[in-house]
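Undergrad: Each chain, letter by letter, is given below.
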Amino acid sequence: MTWHATLYIALVLALVLGAAFPLGTWLARVFDGTADFLAPVERGIYRLCGIDPNEKMGWRGYALALLALSVVHFLLLYAILRLQYWLPFNPEHIPGMPPGLAFNTAASFTTNTNWQAYTPESQISDGAQMFGLTVHMFISAAAGIAVAAALMRAFAAGRIAVLGNLYVDIVRITLYVLLPISLVAAVLLLAGGVPMTLAGFAHVHTLTGGTQTIARGPVALQEAIKELGTNGGGFFNANSAHPFENPNAWTNLLEIWLILVIGFALPIAFGRMVGRARDGVALFAAMAVILAVAMFGGYAAEAANNPVLVHAGLAAAPGNMVGKEVRFGIVQSTSFNVAATATSCGAVNSFLDSYTPLGGLVSLFLMQLGEVAPGGVGSGFAGMILFALLAVFVAGLMVGRTPEYLGKKIESREIKLAMLAVLIQTLFILLGAGASLLTKSGLGSLASGGPHGLSEMLYGWTSATENNGSAFAGLAANTALLNYGLGFAMLAGRFAVLIPVLAIGGSLAAKPVLPRSAGSFPTDGLLFVSLLIGVVVVLGGLQFMPADTLGPLAEQTLMHAGKLF
Amino acid sequence: MTSKAETISLFDRAILTRAARDAVVKLNPMTLARNPVIFTTEVIAALVSLDATHAALLHRPAAFAAVIAVWLWITVLFATFAEAVAEGRGRVRADALRQARTDTVAKLIVDRAEPHIYKPTRASDLRRGDLVFVEAGDLIPSDGEIVEGIASVNESAITGESAPVIREAGGDRSAVTGGTQLVSDWLVIRVAADPGATFLDRMIALVEGAERRKTPNEIALDILLAGLTLIFVIAIATLPMLAGYGGTHLSIAVLAALFVCLIPTTIGGLLSAIGIAGMDRLIRFNVVATSGRAVEAAGDVDALLLDKTGTITFGNRMASAIYPVPGVAEPTLAEAARLASLGDDTPEGRSILALVRDRYGLDPSARPAGTVVPFTATTRVSGFDADGVAWRKGAVDSVLALIAGPPQAGFTETIDRIARAGSTPLAVCRDRTLLGAIELKDIVKPGIRARFDALRRMGIRTVMVTGDNRVTAAAIAAEAGVDDVIAEATPQDKLAYIRRAQTEGRLVAMCGDGTNDAPALAQADVGVAMQTGTQAAREAGNMVDLDSDPTKLIEIVEIGKQLLITRGALTTFSIANDISKYFAILPAIFVATYPGLQSLNVMRLATPESAILSAVIFNALIIVALVPLALRGVRFRPVGAAALLRRNLLIYGLGGIVAPFLGIKAIDMILSALHIFT
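Sequence order for the protein chains is R and G.
So that you can map any letter, position 41 of the first sequence is 41 in our numbering, and since no number is skipped, the others follow by simple counting.
So that you can map any letter, position 105 of the second sequence is 1105 in our numbering, and since no number is skipped, the others follow by simple counting.
None of these hints come from the bench; they were simulated from the model.
Since this is a predicted model, take the numbers as computed values, not measurements.
Treat each hint with caution, since some may be false.
To be verified - Here are the simulated BS3-like pairs of lysine-lysine, each with C-alpha atoms no more than 30 angstroms apart in a straight line:
{"hint": "1", "chain 1": "G", "residue 1": "K1214", "chain 2": "R", "residue 2": "K416"}
{"hint": "2", "chain 1": "R", "residue 1": "K563", "chain 2": "R", "residue 2": "K56"}
{"hint": "3", "chain 1": "R", "residue 1": "K409", "chain 2": "R", "residue 2": "K563"}
{"hint": "4", "chain 1": "R", "residue 1": "K511", "chain 2": "R", "residue 2": "K409"}
{"hint": "5", "chain 1": "R", "residue 1": "K416", "chain 2": "G", "residue 2": "K1026"}
{"hint": "6", "chain 1": "R", "residue 1": "K409", "chain 2": "R", "residue 2": "K56"}
{"hint": "7", "chain 1": "G", "residue 1": "K1214", "chain 2": "G", "residue 2": "K1026"}
{"hint": "8", "chain 1": "R", "residue 1": "K416", "chain 2": "R", "residue 2": "K56"}
{"hint": "9", "chain 1": "R", "residue 1": "K511", "chain 2": "R", "residue 2": "K416"}
{"hint": "10", "chain 1": "R", "residue 1": "K511", "chain 2": "G", "residue 2": "K1214"}
{"hint": "11", "chain 1": "R", "residue 1": "K409", "chain 2": "G", "residue 2": "K1214"}
What the hints assert, rightly or not - Footprint (simulated), chain G over chain R, 3 or more residues, beta carbon under 8 angstroms:
{"hint": "12", "region": "392-401"}
{"hint": "13", "region": "416-427"}
{"hint": "14", "region": "430-439"}
{"hint": "15", "region": "513-522"}
{"hint": "16", "region": "534-547"}
Stated by the list, open to error - Rough simulated footprint, nothing fancy, chain R against chain G, three-plus residues with beta-carbon under 8 angstroms:
{"hint": "17", "region": "1298-1311"}
{"hint": "18", "region": "1588-1602"}
{"hint": "19", "region": "1632-1645"}
Each residue gets a CB set at the ideal place from its N, CA and C atoms; glycine is no exception.
All chains, please: the whole structure from these sequences, using the hints.
TA: Put into structure tokens, the structure is as follows:
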């Protein structure tokens, strides 16, 4: 652990955590309706879209609206991808996507996953990028945050039936949070050297007299919302390792900040919404501790030399630089990838396939935990609340009262729904990866053998189910098995969590807020933070231990025994 | 916490023998299906048994699978044994109660006008509303309300208390319980329960656990445990696919061992025992709850409604000080008070004699020649006449009426000060001369303030209910340290207070005995009716205190909390155990394929087989090792939630992580020493 690396990670954490407080306060104002300086614009949008801003939705209404919106967007995106050849803004005349790939891509962007089985430069037009993908990056992110807002309202009041209005929430979150920050960030990225153009690919003559085609397009805005909305779908196949997406150390730092900032602002907003700031900070702290451990751990794993290369006299520089951009080095690469897998972002600026097994395990395990540190925008917060409910339920009895969180009793219904969410995620990850490895097609997708191949497959299913979208680049994902399998995993991972979360919200909202007393379970101190981290690891992660042992852990021991994959 | 009823040893031979037999009966899958975790374990145990048998029949190595199968069966047996022991302890108590339910012949009154003419009828044929006649020596045939008469009743069959109690028609002492015995006089009783539904029947059913239903919290916990089990079903069922890719073949025995170690068998096996033991603790404390739900609610209570008299203060007011008027010496007043109180046999009068004896050394029995004027309710004065001098003591206005002229300066101030302090003033005079005042104080029970402080630290508010006026009530409240007061309380006030607290989301406990308490008892989340109370009160409450001691409300809350804490502690312990089991089993099952994984074998367990077996054995033994804790309960300390959580999380959370590392290592060392699978 060098001073440079320690300082860099500390700087990243300080910038993110520091900004989370003011942004969280602002989010609370957006959620409760007190932020209204764009009211005329809002009204215009409502009129245009036929939204009745006064319509109040219970949890069922909210969930149905979410599903309806997602279905419509899914179909729209599917149509755009299939028909892109005939649609405008297609300077390179890219043909329409085949059905399996279009299904996978539509599921991927509707669910905020941004798993990219396609190759952007050759398989998607500028128009589809902007109107298909970038729009979804806003909408799916706003929908996730809206669900978090609905959940917060359920805690904030007693005996209510209404969680808000999904459409109003999405419009307000986009207008007051996502668009302004994205625009500023896009300008900063432009200044850093990221292109924004509709002029098509550049065809240049090189000094040696040859010709070269340089892919480019409307990158800057997509790049901003790609990180801010924890989407992760790169304009280019190389994602944030591409110099047009992420040219230098400054843009890299900005992108890491964008990935993390809303995730950390949400628990702060929650504390404000329920009038218990310290309880919000406790969730925030649990997220921060897990993230910090992962950042330092991820760096330590990559800073260690690959013993095989050292033995062969091939280790040029200290640490594992394979698959990393020289302009970033180790700590800027690991910090970026840890941020992207601690959230549902899944952008990469270096190639996980080439990480040491332990370095890859850090990212894999962060996703398996359910992406709660801080997780995808909205979904990460919701996941952390599920764990908080489980933590209070398991340990809460130990103070001699039936469990309650923030004055709301936790009973059978909440536990049933929370366990359902954990169960479905576990099912898709383990059964998906296990079953794929039994098929010829699945084995054919692997780029490597041995435990590394297992890691690639396990990582793919984990990434899809947890709506992350990052990949161990070795996996050839554009097959029927993986296009459809992972597509369904993404849909299940998204809606089998968000809908139970809304149902829990509905159930909690109807309950009275019990007054806090000296006998109440304390949920705002160091003790609760430690308990919560323990529950996230034990209930969220341990079931993957056997699988992870067969993948990254086995590979790590083989690497030390001199065997590489 | 004291218990009047006999305590049953944790290691009672008879109970354990019977429990061992019951444990085998409980293996019946139909009944075990109620418990998802243990039921799953049984299915797995059967599966591994079949696998081992199959291997043996084919002359393949079957020893390891057989040993694993045996230990899985032992795991299931230990779980059923835990429940059987808990039930056995209740059964001892039920058998004692059953002896009181011998079928007696009742004297059924045919004509109300002629209560002494009756038709002999079997008690089991009595119906609700029948009138029966009972006289000295008879067993009361069924629960009922006294219509006529007054008698003393020996209720030891129910309460264990042998001193007879008075029961009379009307008022709050009109209920009688079937199975108790009339010691003197006679009664006419209206039967209040149909056969099989009497208090005694209900109590036997409750004690035996026959009526045991899962409480809401137990149901929620069951869902969590079933959910965890399902998660591990997925994790273990997919493992052969993932392992097969790398060329590792996993046997059924190994997968079963890993699975059973990971699912929460510890809490799954002990959950129902904890619930039964909680009810049993309450019963040993002479309180009968009509449902486990009531016990759980007791742990959740935020406010206690306590009657002032008898709970917070001693029933009677007692003399605490005397205040002479100017010009009168204190000993003079003391002697006058003594003489004037000789004729007062009320507890107040006796307390004056006690005060002057203790404070001024005056012998209460020294009685000069003269006439004692006894205290009566009409004069409200008692006194003593000798040698033409008349000493009088009594209510202030009554005494002032006797003296000449207005009272001396300072006397009125003294009286006001006494009243403001919540005490009752009395005046003393000699002939027509006012001598001074006596302060009769409502004496707050010693130690009650500390208990209220403890309750406050637990987050429970205490509310004093009294018929006293506000001034008096406020003074007592301040002295006792309660959080709130309902003064000049009517039964409607109590009900209104409970409803208001409940709309704020608070849970309220109260106790009561009168018929007019019934609505409030029914409304309260925990309503403890006194066994001496009316039938209406006993039916309205969800608990009955056989000792009729209202202070026990506080212990009832503690027993409720203890139940919840025990459940939470063992759940946390059980789940925390998993971490070590991964470290024991994962390297063991994969080390053949990936020798490097030996580095995960942090416990340095001897061989893969011994590692797996050690984990399985630990998993079984921990259930039986924790049975005493499940039955006795984790001690509750009134230190506040934060401190309690810190302590329990350290013991059962951290302890749950560390203990199995040590336990599995120890078992592995024993297996090594015995050369089993090494």
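Undergrad: Hint by hint, note whether the structure agrees.
TA: These are the hints, each one checked on the structure:
1. K1214(G) - K416(R): holds (16 angstroms)
2. K563(R) - K56(R): Violated, at about 61 angstroms.
3. K409(R) - K563(R): The hint is violated at about 53 angstroms.
4. K511(R) - K409(R): The given pair, whose Cα atoms are some 7 angstroms apart, holds under the 30 angstroms limit.
5. K416(R) - K1026(G): holds (27 angstroms)
6. K409(R) - K56(R): At roughly 24 angstroms apart (the allowed maximum being 30 angstroms), K56(R) and K409(R) satisfy the hint.
7. K1214(G) - K1026(G): Given pair K1214(G), K1026(G) holds - Cα atoms ~17 angstroms apart, limit 30 angstroms.
8. K416(R) - K56(R): With a Cα-Cα distance of about 26 angstroms, the restraint between K416(R) and K56(R) holds, given a limit of 30 angstroms.
9. K511(R) - K416(R): holds (17 angstroms)
10. K511(R) - K1214(G): holds (22 angstroms)
11. K409(R) - K1214(G): holds (18 angstroms)
12. 392-401: As far as the region 392-401 of chain R goes, the hint holds, because 9 residues have Cβ atoms under 8 angstroms from chain G.
13. 416-427: This one holds; 7 residues, not fewer than the three required, reach chain G with a Cβ under 8 angstroms.
14. 430-439: holds (count 7)
15. 513-522: holds (count 9)
16. 534-547: That given contact holds, which follows from 9 residues of the region 534-547 of chain R lying within Cβ reach (below 8 angstroms) of chain G.
17. 1298-1311: Since 3 is at least three, the answer is holds.
18. 1588-1602: With 8 residues closer than 8 angstroms to chain R, the region 1588-1602 of chain G meets the three-residue bar; holds.
19. 1632-1645: holds (count 6)
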